[in-house]
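Respectively, the protein sequence lines represent chains A and B. Going left to right, the first sequence walks through residues 1 to 417 as the UniProt record's numbering numbers them. Going left to right, the second sequence walks through residues 1 to 417 as the UniProt record's numbering numbers them.
None of these hints come from the bench; they were simulated from the model. As the structure is a prediction and not an experimental result, all values here were calculated from the model. Hints are supplied without guarantee of correctness; some may be wrong.
Any copy, or any two copies together, can satisfy a pair, since identical chains are not distinguished.
[Stated by the list, open to error] Listed next, the in silico SDA-like pairs over lysine to any residue satisfying Cα-Cα at most 25 Å (straight line): (1) Lys-38 x Asn-195; (2) Lys-38 x Pro-152; (3) Lys-38 x Val-223; (4) Lys-38 x Ser-159; (5) Lys-189 x Leu-25; (6) Lys-73 x Glu-198; (7) Lys-6 x Leu-194; (8) Lys-38 x Ala-136; (9) Lys-298 x Asn-288; (10) Lys-143 x Ile-83; (11) Lys-73 x Ile-334; (12) Lys-38 x Lys-298.
Here's the letter readout for the chains.
2 protein chains.
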Amino acid sequence: MGQLVKKTHIIIIGAGFGGIQAAKLLANTAAQITIIDKHNYHLFQPLLYQVATAGLSEKDIACPIRTIFRDQKNIEFHMDEVIDIDLADNRVITITGHQISFDYLVVATGSTNNFFGMESLAKNALCVKTLGQSVATRDHIIKMFELAAHEPDPEIRHSLLTFVVVGGGPTGVECAGALSELIHFVLAKEYHNLNFKEVRIMLVEASDALLPVMPLDLQEATVEILIRKHIEVRLLVQVSGFDGNTLLLKGGEVIPTHTVIWAAGVCATKLLDNLKQEQDRAHRVIVNEYLHIQNKAKVFIIGDAAHFEQDNSPLPMVAPVAIQQAGVVAQNIISLMNGRPLQKFVYRPVGTMATIGRNAAVVNIGKFKSQGFIAWIIWSLMHILRLIHFQNRIVVFMKWIWEYLTYDRVEHVINQD
Amino acid sequence: MGQLVKKTHIIIIGAGFGGIQAAKLLANTAAQITIIDKHNYHLFQPLLYQVATAGLSEKDIACPIRTIFRDQKNIEFHMDEVIDIDLADNRVITITGHQISFDYLVVATGSTNNFFGMESLAKNALCVKTLGQSVATRDHIIKMFELAAHEPDPEIRHSLLTFVVVGGGPTGVECAGALSELIHFVLAKEYHNLNFKEVRIMLVEASDALLPVMPLDLQEATVEILIRKHIEVRLLVQVSGFDGNTLLLKGGEVIPTHTVIWAAGVCATKLLDNLKQEQDRAHRVIVNEYLHIQNKAKVFIIGDAAHFEQDNSPLPMVAPVAIQQAGVVAQNIISLMNGRPLQKFVYRPVGTMATIGRNAAVVNIGKFKSQGFIAWIIWSLMHILRLIHFQNRIVVFMKWIWEYLTYDRVEHVINQD
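Same shape as in the complex, but just chain A (with noise of 0.2 Å):
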C-alpha cells in the first residue's frame, strides 16, 4: 500500500474494429494503454464502398481515435506506423524511431488488398479498402463522366463510360450496386449531353457464385437484383491484366475501359511477416485457442490478422469475428493480470448480409433469410446502430432519409485541388 508500483502497459497496434473494441473493454483497468495506428481515425469499413460510390462523404464514417477515448485518461494515442515488433525484448518499433516497450501486445493490424501477384492491377486498378482509396475512385468515377461528357468519339466515349467491378463477395456486389444507382439514378440526371444505355458496368467473379456464404437462392435472388440494376454479371471469369485502359481477361477477352474496381481479395498487412511465425496463404498468423502465437503468452493476434481454426476451416475476416475475439482477448489480459486461467475463443456468428443499392438487400441470420425491402430496412438498422459516433449516426441517417426520399446524392464532388 502507498507504493508506487510501474502501471502494466499494453499496446495495441490497430484502431480498427478489433483494436477499438480491445481498448474500450481495457479502459477501466488499472493498466495504461496506448493505441498506434498510422491514422488518426477510426474507419466504419462495411461502408467505404458508399464513400467510391458517392453516397456518403469522408467524415461519416470515420471518428479520429481521441475523440471516442476522449474520456479515458488512461488510453493514449499514438500516431505513428509499427514497422516491426520484438518478441525478444516486448517492444514495438514505428517508422519514426520511437521504441516503446509493453507487457501486453494485441496486434489488430487488419489487411489491405491482395492482387496475387498481378502488378498491372495493383498499379492501375482502383480499390475501396481505405479513405484515401474510396475518395480516389469516387473522384476518379466522376471524372470518366465529365471527360465522355465532351468526347466526341464514340468508341472513346463507350470506353470511358466502362466500369469493372472485379470480385462477387460483399465488397463487390454492394458496389457494383451502389455503382448502379448513382449513375443511373443521380448522373443520368446531370449529364444532359450523353446517352446512357452508353454505360456499361460489369461484375466478374472467378467462382461460380456471388455471395458464396449465402445460401444459394440468396445467391441467385442477388445475381437478379444485379441484372435488374442494369449490370452484367460475369462468373467464372478471371482478370489477368490492366493497364489503365484495357482490361484482359483469362482466355483472352479484351474489355476497353479506364475503371477497374478490385473487390477480389485482401491479405493480413506485411508487419505480420516480421514476427517469423506461421502463416496461411493470406498472410494471416496461425493463432492458438487463446489467440496467442506459440509461446508467447502476452502477445496476442486478433481479427483479419489472425488465422482461427474453428469445425477445420479458417474464420471469415470479417468485422464480428474481430470484435468477438477483441471481448477474449481483453478478458484473458485481465486474466493474465490477475493470475487467473485463459478464457477459450470460440466464434458465434452473427450472420451474412449485403445490399444492392436502393430497396434491395439480402440477409441472411441462422435459419434466417430474407431479401429485398425488408432485408434493405434491416441492413440500414444494423448498419446506423453498428456507427461508432453518435453525430454521425444522426448524418449517415439524414443522407440515406434524403437519398431515398429524391433518388438524390450530393458527395459528388472532385475533392482534387
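Position chain B relative to chain A; hints supplied.
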C-alpha cells in the same frame, strides 16, 4: 418563323458566386449557356476557414455544379481550365485543347492568394482560399498536435504548438478565432499529456487595425474578443519570410513555428493578364460602367476579376459585389440579345460581418452595429440562408447546433492516406 436559328451561346468562366448567379439569371432565356470551371463544384468560400479549422467537412460547403443546374437543359457544364481568351475570334481555349466559341462571355474567374512576391511564404505557408488548401491546413494543424504529443524536447514542442495567422481582414480574424476554439475547446480534451498553456496563437497584421472596413468601436471589440480567446494580436507587424520552421518578421524578430496560415491578400487570377487590358495592382481588369472591357461589348468581367470604381475607390473583392454585378451583366446580355439599351452598374453595400467563434461576431449593416452574441446569431442565420444547396443547409445547421451544445467537433480526421 419555323426557321432553324443557331442558338446564342453564352460562356461563363468560373462557378463562384458571380458565375453561378449569372447562369441562374440567364437560365430562362433562349440562349445556350456553358459554365467552365476546373472544379466540378460551387464552393461557399466564406466558410472555407471552418473547413481549415475542422468545424465543417469539405462536402458541407461544396455542391456539384451539375446538381445546381440539373433541371436547366440549356446549361451545360464543362470541367476544364481556360488558359486563353481570343477576343478577336470570340472564343476561349482550354488546357485540354478545346476551343469554344461564344456570342457573349462572362469572366468570373475570381482570385487567388497574393504573396506580394515573397517566394518562401508562397512555398511554405498554408492557405484557406481553395477546398484543397483548407483540407491541407486542417490536416497540418492536427498533425502538429500528434507530433507534439510525443515530443519530449520542450523547444521543439513549443514550435510545433505555435500557430501564426497572417492578415487581419475577415478571413484572418475568423481563422484565428476558430483555430483558438478548435484548440482550447476540442483538442484540449483529447491530448491528455499535453500542457495547453504551451500553445501560442498569433494574429499578425501589417496595418494598425483589424477589420479595417469596420467602424472603430467594432475594430476594438474584435481585438478584445481575440485576446479573450488567448490570441496574441500583433498590429503594425510585417512578415518577411518563412522556411517551414521559422517565421521572420520585418525588424528581425524570429518566431519558431511550422504553421503560418496566409490570409493577407488576394489578387485576380493569371488568365486575366492574357487579355492585355488595363489592370490594377491586384491584377483586376479595369471595367467600364456596364462591366465591359473597353471596345468589347460582348465580354463582361465581374467579381474579384473586375476593378470597378465607385465613389472614387474600387469595390472590395467580396461575394455581394460579384452577385450584384452578375445581375446587371445578365440583364445587359438579355438587353443586347433584344436590341435594348444597357444598364449601368451601381453597387448597393450590404454591410460587413465577421465571426470570431462561439457567441462572438461583429456586424455592421448600414447604421446598424452589433457585437457579441446577437451579432453571432445574425451572422449564423445569414450564412445558413445563403448556403446554396438545401441539404447542405440542414447538415451545416445541425453541425452548428451540435457544436454549440457540446463544444464538440467531429471533423478533425486527417485525410491523408
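Now for the hints, and whether the structure bears them out:
Taking identical chains as interchangeable, the C-alpha atoms of Lys-38 and Asn-195 lie at most 25 Å apart only when they sit on different chains, with a minimum of 24 Å there against 43 Å within one chain. Taking the shortest alpha-carbon separations for Lys-38 and Pro-152, only the inter-copy value of 20 Å comes in at or below 25 Å, while the best intra-copy value is 44 Å. Taking identical chains as interchangeable, the C-alpha atoms of Lys-38 and Val-223 are never at most 25 Å apart, the minima being 38 Å within one chain and 39 Å between chains. Taking CA atoms no more than 25 Å apart as the test, Lys-38 paired with Ser-159 passes between copies only; the shortest distance there is 23 Å, against 37 Å inside one copy.
With identical chains, the CA atoms of Lys-189 and Leu-25 are at most 25 Å apart between copies only, with a shortest distance of 21 Å across copies and 48 Å within one. Taking CA atoms no more than 25 Å apart as the test, Lys-73 paired with Glu-198 passes between copies only; the shortest distance there is 20 Å, against 57 Å inside one copy. Taking identical chains as interchangeable, the C-alpha atoms of Lys-6 and Leu-194 lie at most 25 Å apart only when they sit on different chains, with a minimum of 21 Å there against 68 Å within one chain. Proximity of Lys-38 and Ala-136 under a CA criterion of 25 Å is satisfied in both settings, with 19 Å inside one chain copy and 17 Å between copies.
Only within a single protomer do Lys-298 and Asn-288 lie at most 25 Å apart by alpha-carbon distance; the minimum there is 13 Å, versus 78 Å between protomers. In this assembly of identical chains, Lys-143 and Ile-83 lie within 25 Å of each other by CA distance solely across copies; the values are 20 Å between and 36 Å within a copy. Within a single copy, Lys-73 and Ile-334 get their C-alpha atoms as close as 18 Å, which meets the 25 Å cut-off; across copies the closest is 66 Å, which misses it. Taking the shortest Cα distances, Lys-38 and Lys-298 sit within 25 Å of each other inside one copy (23 Å), while across copies they are farther apart (55 Å).
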